[in-house]
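> Residue numbers (the working numbering), protein chains in the order written: chain A, 1 to 336; chain B, 1 to 187.
Hints in this document: simulated from the structure, not taken from any laboratory.
Treat the hints with care, since some could be wrong.
[Stated by the list, open to error] Label pairs and their in silico Cβ distance ranges:
#: 1; chain 1: B; residue 1: LEU14; chain 2: A; residue 2: TYR301; range: 16 to 26 Å
#: 2; chain 1: A; residue 1: PRO49; chain 2: B; residue 2: LEU16; range: 34 to 44 Å
#: 3; chain 1: A; residue 1: ARG300; chain 2: B; residue 2: PRO77; range: 52 to 62 Å
#: 4; chain 1: A; residue 1: ALA83; chain 2: B; residue 2: ILE25; range: 32 to 42 Å
#: 5; chain 1: B; residue 1: ARG21; chain 2: A; residue 2: GLN184; range: 31 to 41 Å
#: 6; chain 1: A; residue 1: GLY333; chain 2: B; residue 2: ARG32; range: 46 to 56 Å
[Claimed, not checked] Take a look, some chain A residues computed to stay more than 10 Å from chain B by CB distance:
#: 7; residue: PRO9
#: 8; residue: VAL34
#: 9; residue: ILE38
#: 10; residue: ALA57
#: 11; residue: PRO75
#: 12; residue: ILE157
#: 13; residue: VAL261
#: 14; residue: ALA267
#: 15; residue: VAL292
#: 16; residue: LEU296
#: 17; residue: LEU304
#: 18; residue: MET305
#: 19; residue: ASN319
#: 20; residue: ALA328
Note that the coordinates shown come from a computational prediction; the quantities given were computed from them, not determined experimentally.
Beta carbons: idealized from backbone N, C-alpha and C, even for Gly.
Below, each chain spelled out in residue letters.
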Amino acid sequence: MTDAPWFRPAVTILAAFGAMMSLAAGMTLVERKVSAFIQERHGPNRVGPFGLLQPLADLIKFVFKEELAPDRANPLLFLLAPALACLPAMATFAALPFGFLDGKPMVVANLDVGVLYVLAVGSLGVYGIILGGWASNNKYSLLGGLRASAQMVSYEISLVLSLVSVIAVSGSLNLSEIVLAQDQRWNVLVQPVAALVFLVTMFAETNRHPFDFAECEPELVGGFHTEYSGMRFALFFLGEYIAMVVMSGFMAVLFFGGCDVPFLAIAATPWWAGALAMVVKMGFFLLLYVWVRWTLPRFRYDQLMYLGWRVLLPLSLANLAVTGVVLALDRQGAAQ
Amino acid sequence: MTVRRHSLSWSERLYLPAVARGLAITLRAMFRPRFTRQYPEEPMPKYPVTRGQPRLVRKEDGAPACVSCGLCEYACPAFAITIDGGETERFIEREPKRFEIDMLRCILCGFCEEACPKDAIFMSQELELAGYTREEHVLGLEQLLRPASDFEERMRYVGEINHRWHATELAARARTGNKDAAAAGHP
Numbered sequence: 001m002t003d004a005p006w007f008r009p010a011v012t013i014l015a016a017f018g019a020m021m022s023l024a025a026g027m028t029l030v031e032r033k034v035s036a037f038i039q040e041r042h043g044p045n046r047v048g049p050f051g052l053l054q055p056l057a058d059l060i061k062f063v064f065k066e067e068l069a070p071d072r073a074n075p076l077l078f079l080l081a082p083a084l085a086c087l088p089a090m091a092t093f094a095a096l097p098f099g100f101l102d103g104k105p106m107v108v109a110n111l112d113v114g115v116l117y118v119l120a121v122g123s124l125g126v127y128g129i130i131l132g133g134w135a136s137n138n139k140y141s142l143l144g145g146l147r148a149s150a151q152m153v154s155y156e157i158s159l160v161l162s163l164v165s166v167i168a169v170s171g172s173l174n175l176s177e178i179v180l181a182q183d184q185r186w187n188v189l190v191q192p193v194a195a196l197v198f199l200v201t202m203f204a205e206t207n208r209h210p211f212d213f214a215e216c217e218p219e220l221v222g223g224f225h226t227e228y229s230g231m232r233f234a235l236f237f238l239g240e241y242i243a244m245v246v247m248s249g250f251m252a253v254l255f256f257g258g259c260d261v262p263f264l265a266i267a268a269t270p271w272w273a274g275a276l277a278m279v280v281k282m283g284f285f286l287l288l289y290v291w292v293r294w295t296l297p298r299f300r301y302d303q304l305m306y307l308g309w310r311v312l313l314p315l316s317l318a319n320l321a322v323t324g325v326v327l328a329l330d331r332q333g334a335a336q
Numbered sequence: 001m002t003v004r005r006h007s008l009s010w011s012e013r014l015y016l017p018a019v020a021r022g023l024a025i026t027l028r029a030m031f032r033p034r035f036t037r038q039y040p041e042e043p044m045p046k047y048p049v050t051r052g053q054p055r056l057v058r059k060e061d062g063a064p065a066c067v068s069c070g071l072c073e074y075a076c077p078a079f080a081i082t083i084d085g086g087e088t089e090r091f092i093e094r095e096p097k098r099f100e101i102d103m104l105r106c107i108l109c110g111f112c113e114e115a116c117p118k119d120a121i122f123m124s125q126e127l128e129l130a131g132y133t134r135e136e137h138v139l140g141l142e143q144l145l146r147p148a149s150d151f152e153e154r155m156r157y158v159g160e161i162n163h164r165w166h167a168t169e170l171a172a173r174a175r176t177g178n179k180d181a182a183a184a185g186h187p
């Protein structure tokens with residue numbers, strides 16, 4: 001059976017889907033637990049040992065909740081928006097390499113244009129948010145959706161520009177090859193400014209604190225998902241968490257060597273150690289999401305735009321220019 | 001008034017050191033002991049001063065200490081207490097035939113305890129009040145009686161308070177030389 005042509009893809013898909021879902025579900029629990037710990041509370045601890053089964057209980061609750069739709073909401077878009085918010089995040093997970101098994105990358109789709117694919121599909125997520133806001137027939141939802149889309153479009157530019165310098169250094173758009181290029185020389189050491197810009201934009205892209213203008217509670221009730229309930233709301237929620245997982249994985253792959261264990265060559269690393277290193281790195285950035293949430297206050301909207309256009313954009317452009325010049329000089333030096 | 005705003009220095013405008021300091025603060029908070037009390041498992045500590053629900057004292061011979069004088073019923077500001085008194089062959093001659101406290105009316109003020117001349121009713125340390133009907137919160141004699149040993153600490157505490165009150169009272173009388181002035185506050 002292990003020789004059958006469908007075996008490896010099937011195992012890969014199951015493993016990737018399972019990993020994604022369990023990471024996202026675990027993240028909901030971690031978020032609540034860490035939030036509680038920072039506020040000197042206990043967090044959920046009634047369902048299962050230490051509240052470990054809480055995500056399951058949440059799921060059951062979401063499934064059995066009544067689905068409410070506002071009067072004169074656009075029925076098709078109202079139904080479609082949560083799926084559109086969730087699917088792109090799930091699809092981008094396919095390009096994340098988790099390590100190398102027999103020299104082949106452990107990834108659902110080993111794309112040569114991996115970085116472009118993730119950026120292209122990932123930016124589709126904004127459709128789900130703005131459609132959810134539009135279809136709800138609610139002014140707060142619409143405002144939340146508009147804000148979120150303006151923010152995501154603004155920060156995507158700095159995000160992409162910070163990635164361009166990484167691509168220039170690695171010389172490939174393939175995420176597995178970017179990992180291989182970082183063997184014992186993580187990009188965060190070569191491109192610290194790009195890493196910083198990516199870190200900041202990563203928070204903005206997933207609409208997380210301190211950039212959570214999409215659901216800014218004191219002003220917009222719940223933002224784009226104000227009118228959503230039950231499983232449809234859960235899909236928005238899931239989409240946000242999967243996007244966080246993917247972004248953390250992206251951060252680990254692009255700047256922190258992916259499956260690279262410190263002081264151990266990638267070729268010499270057993271596959272499980274590589275995957276573990278990857279998950280630990282992702283876990284750190286997922287934790288950082290929650291950690292930052294309870295540390296920094298929300299930006300004002302003009303501050304958000306100022307930071308995006310007048311700080312991060314020039315910074316990433318300057319970084320790209322310096323990277324380009326250094327690489328060109330380096331190549332010239334090598335040619336002579 | 002003009003508020004003078006100091007312009008931020010270069011390192012302050014970078015914000016990153018401040019962010020790092022903030023993260024350090026929240027990280028420390030993560031490892032501080034939890035503030036929340038896990039209530040049913042971890043009940044509140046009880047002290048003699050705790051004023052829980054009123055309960056009646058059962059003497060060692062098994063009879064209530066109450067002589068159904070009705071003072072607590074009279075003192076009760078919430079009309080939570082109902083007493084039907086009756087005669088008894090015992091030395092005290094009178095005993096309650098019916099003694100009911102409606103715990104949904106009771107405001108846990110402790111006036112009944114203060115009014116009682118026979119040390120027969122005390123504020124216990126029982127605090128939980130939950131049920132499915134209103135009727136089950138009207139407690140009768142059998143539900144109210146507790147062995148006297150339950151109230152030893154409370155009895156000592158109340159005695160101490162009374163003693164202190166008398167001491168200040170006597171001091172006030174000695175100071176003013178007026179017997180009525182100080183006693184005026186006393187009903």
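> So, for every hint listed, does it hold in this structure?
Evaluated hints:
no. : hint                              : in the structure
1   : LEU14/B with TYR301/A: 16 to 26 Å : 22 Å, holds
2   : PRO49/A with LEU16/B: 34 to 44 Å  : 39 Å, holds
3   : ARG300/A with PRO77/B: 52 to 62 Å : 53 Å, holds
4   : ALA83/A with ILE25/B: 32 to 42 Å  : 40 Å, holds
5   : ARG21/B with GLN184/A: 31 to 41 Å : 32 Å, holds
6   : GLY333/A with ARG32/B: 46 to 56 Å : 54 Å, holds
7   : PRO9                              : 41 Å, holds
8   : VAL34                             : 7 Å, violated
9   : ILE38                             : 5 Å, violated
10  : ALA57                             : 18 Å, holds
11  : PRO75                             : 43 Å, holds
12  : ILE157                            : 21 Å, holds
13  : VAL261                            : 25 Å, holds
14  : ALA267                            : 36 Å, holds
15  : VAL292                            : 7 Å, violated
16  : LEU296                            : 6 Å, violated
17  : LEU304                            : 14 Å, holds
18  : MET305                            : 16 Å, holds
19  : ASN319                            : 16 Å, holds
20  : ALA328                            : 29 Å, holds
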